[in-house]
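Sequence lines, in order, name chains A and B. No gaps in the numbering here: position 22 of the first sequence is 22 in the working numbering, and each next residue is one more. Take any residue in the second sequence, count from 1 to its spot, add 127: that is its number in the working numbering.
Some hints here could point you the wrong way.
[Unchecked claim] Using 30 Å as the maximum straight-line C-alpha spacing, the simulated DSSO-like pairs for lysine-lysine come out as follows:
no., chain 1, residue 1, chain 2, residue 2
1, A, K98, B, K197
2, B, K197, A, K86
3, A, K87, B, K187
4, B, K264, B, K227
5, B, K187, A, K98
6, A, K23, A, K98
7, A, K23, B, K187
8, B, K346, B, K187
9, B, K140, B, K161
10, B, K227, B, K244
11, B, K187, A, K86
12, A, K87, B, K417
13, B, K161, B, K187
14, B, K417, A, K86
15, B, K187, B, K274
16, A, K87, B, K190
17, A, K98, A, K66
18, B, K190, B, K264
19, B, K161, B, K417
20, B, K346, A, K23
21, B, K274, A, K86
22, A, K86, B, K190
23, B, K161, A, K23
24, B, K140, A, K87
25, B, K190, B, K346
26, B, K274, A, K87
27, B, K187, A, K66
Since the hints were derived computationally from the structure, they do not count as laboratory data.
Spelled out, the chains give:
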Amino acid sequence: MARIMIVDDALMMRMTLRRIFEKAGHEIVGEAVNGEQAILNYPQYQPDLVTMDITMPGLGGIETIKRIIASHPAANIIVVSAISQKKIVFDALQNGAKNYVSKPITEDKLLPVINLVLEQNGLAEAN
Amino acid sequence: MLNQYFGQYLLNKGILTHVQLRQVLQCEQMVKVKLGVLAVNAGLMTAAQVEEVHDLQWAKDQKFGTLAVKQGYLTSEQVDGLLESQQAGHLTIMQAIIDKGYMTLVAVEKALADFRKEYDIKGKFHATDDENEMIKKLVDFSPAGDKADLLYNYVGLVQRNVVRFLNDTPLIVEPITECQQTPKWLVTQEIIGDIPLSTGLLMDESALLGIASHFYGEKLVTVDELALDSVGEFLNVHNGVFCSLLSDAGVMADLQPPLVKQRDMSFQLSNYRIAVDTSFGMFEIILSLKE
Chain A
1 MARIMIVDDA LMMRMTLRRI FEKAGHEIVG EAVNGEQAIL NYPQYQPDLV
51 TMDITMPGLG GIETIKRIIA SHPAANIIVV SAISQKKIVF DALQNGAKNY
101 VSKPITEDKL LPVINLVLEQ NGLAEAN
Chain B
128 MLNQYFGQYL LNKGILTHVQ LRQVLQCEQM VKVKLGVLAV NAGLMTAAQV
178 EEVHDLQWAK DQKFGTLAVK QGYLTSEQVD GLLESQQAGH LTIMQAIIDK
228 GYMTLVAVEK ALADFRKEYD IKGKFHATDD ENEMIKKLVD FSPAGDKADL
278 LYNYVGLVQR NVVRFLNDTP LIVEPITECQ QTPKWLVTQE IIGDIPLSTG
328 LLMDESALLG IASHFYGEKL VTVDELALDS VGEFLNVHNG VFCSLLSDAG
378 VMADLQPPLV KQRDMSFQLS NYRIAVDTSF GMFEIILSLK E
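Isolated chain A, as found in the complex (with noise of 0.2 Å):
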């Protein structure tokens, strides 16, 4: 089980995160509507991942991956976007994000991206 936080402006986006995260299992600490919540929660919740928006208002999810891993560069951050060129996940990911899923979300293309991460991490449950 891993302790997530949620990263995403949209209502509908974090309840169906978290419908999809608590059926398998994992446990939701926070959410965070933009970046700048985002920053201020991580420290509070020291999430074992984070799912992270792009296009969001103020501050936004490239940056806040920068931020968030300036401060605490062991963070596990996942980016889950509407946007997928390749100019923008190669940017999240040179600024230390750890994967990248595209919207829509389905439990069948999140879950296994979650899992590697967390067992590239050592945070995946022994079977």
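For this one, chain A is given, so just place chain B on it according to the hints.
Structure of chain B alone, referenced to chain A:
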């Protein structure tokens, strides 16, 4: 897809009314069998492979068969064979039209022949190219000059994404008149980059709840934050795919966050408005090229 455009043709020619066509399409929808299901049934692909291709389809806006061949799951010949068995399904719409007494078989035969002739469909229906040709007969973007194709592609993608994400059959219809008093909701999103484009969807409450419910996957009955965000996310995901396609063509494009609000009368509905009818209501695509 052929059913959708044959139905559109019958509507535009005044052969069927809007209400008649919706009833016929509901019959067709109930028995439409997707290519992935046909592939699994034929033992050519596994369900997991089909799901993988569906995910790619949403992101890449390519046909199932094209992607399945690229992934090495099917050969071109196998795709042709599956398409043959799927396109027999267009007989359902013709049968439904006859069963409901809207047209005789002779009249359907003539309308189908006229439709194929008008759109120059000689053999298989080649989506995207043929779809754009059909959209050009319904919508006029010629004032946009060299950007017209961009707008045709946008509308074609909306049509395909209504099918993919909302599981419904869209029809392009006459624009909604301004004098209607029904309050409207406006979802907007700016595409920025090499070709700045203002995009929007204008709809009444019923259509908003229909789109939101279909996209979220649960019935929503109140226009609250969840419903508004769901509609915003539908436009956001659609525009995300559009920007990806632009990027693949070497055009830099990015998105601003979507906004949803009740339309106020000071809002200028500029440039292009394309009315789209669905089984849960009508919405308008609003497009405006920025200088």
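Each hint tested on the structure:
Restraint check for K98 (chain A) and K197 (chain B): the C-alpha separation of about 27 Å stays at or below 30 Å, so the hint holds. About 19 Å separates the Cα atoms of K197 (chain B) and K86 (chain A), which keeps this hinted pair within 30 Å; it holds. Restraint check for K87 (chain A) and K187 (chain B): the C-alpha separation of about 16 Å stays at or below 30 Å, so the hint holds. About 28 Å separates the Cα atoms of K264 (chain B) and K227 (chain B), which keeps this hinted pair within 30 Å; it holds.
Restraint check: the Cα-Cα separation between K187 (chain B) and K98 (chain A) comes to about 22 Å, which is no more than 30 Å; the hinted pair holds. Between K23 (chain A) and K98 (chain A) the CA atoms are separated by roughly 23 Å; this keeps the pair inside 30 Å, and the hint holds. About 28 Å separates the Cα atoms of K23 (chain A) and K187 (chain B), which keeps this hinted pair within 30 Å; it holds. About 28 Å separates the Cα atoms of K346 (chain B) and K187 (chain B), which keeps this hinted pair within 30 Å; it holds.
Simply put, K140 (chain B) and K161 (chain B) have alpha-carbon atoms about 28 Å apart, close enough for the 30 Å limit, and the pair holds. Annotation: proposed proximity of K227 (chain B) to K244 (chain B) holds, straight-line Cα distance about 26 Å (limit 30 Å). Annotation: proposed proximity of K187 (chain B) to K86 (chain A) holds, straight-line Cα distance about 12 Å (limit 30 Å). Under the criterion of a C-alpha separation no larger than 30 Å, the hint pairing K87 (chain A) with K417 (chain B) is consistent with the structure, at around 24 Å.
Pair hint K161 (chain B) plus K187 (chain B) holds up; C-alpha atoms about 18 Å apart against a cutoff of 30 Å. Between K417 (chain B) and K86 (chain A) the CA atoms are separated by roughly 25 Å; this keeps the pair inside 30 Å, and the hint holds. Our distance criterion of 30 Å between C-alpha atoms is met by K187 (chain B) and K274 (chain B), whose separation comes to about 22 Å. Of the pairs offered as hints, the one joining K87 (chain A) and K190 (chain B) holds, with about 24 Å between alpha carbons and a cut-off of 30 Å not exceeded.
Pair hint K98 (chain A) plus K66 (chain A) holds up; C-alpha atoms about 12 Å apart against a cutoff of 30 Å. Taking the CA atoms of K190 (chain B) and K264 (chain B), the gap is near 23 Å; set against the 30 Å cutoff, the hint holds. Simply put, K161 (chain B) and K417 (chain B) have alpha-carbon atoms about 39 Å apart, too far for the 30 Å limit, and the pair is violated. As the CA atoms of K346 (chain B) and K23 (chain A) are separated by approximately 20 Å, the hinted pair is consistent with the 30 Å bound.
Of the supplied pair hints, the one linking K274 (chain B) and K86 (chain A) holds, its CA atoms being roughly 24 Å apart against a limit of 30 Å. For the hint linking K86 (chain A) to K190 (chain B), the alpha-carbon distance of about 21 Å falls within 30 Å, and the restraint holds. A C-alpha spacing of about 28 Å is found between K161 (chain B) and K23 (chain A), which places the hinted pair at or below 30 Å, so the restraint holds. Between K140 (chain B) and K87 (chain A), the direct Cα distance comes to roughly 46 Å. Violation of the 30 Å bound is thereby established for this hinted pair.
Distance check on the hinted pair: K190 (chain B) and K346 (chain B) sit about 29 Å apart at the alpha-carbon level, within 30 Å; holds. Taken as a hint, the K274 (chain B) and K87 (chain A) pair is honoured in the structure, with Cα atoms around 24 Å apart against an allowance of 30 Å. Distance check on the hinted pair: K187 (chain B) and K66 (chain A) sit about 28 Å apart at the alpha-carbon level, within 30 Å; holds.
Checked against the numbered hints above, the structure breaks hints 19 and 24 and satisfies the rest.
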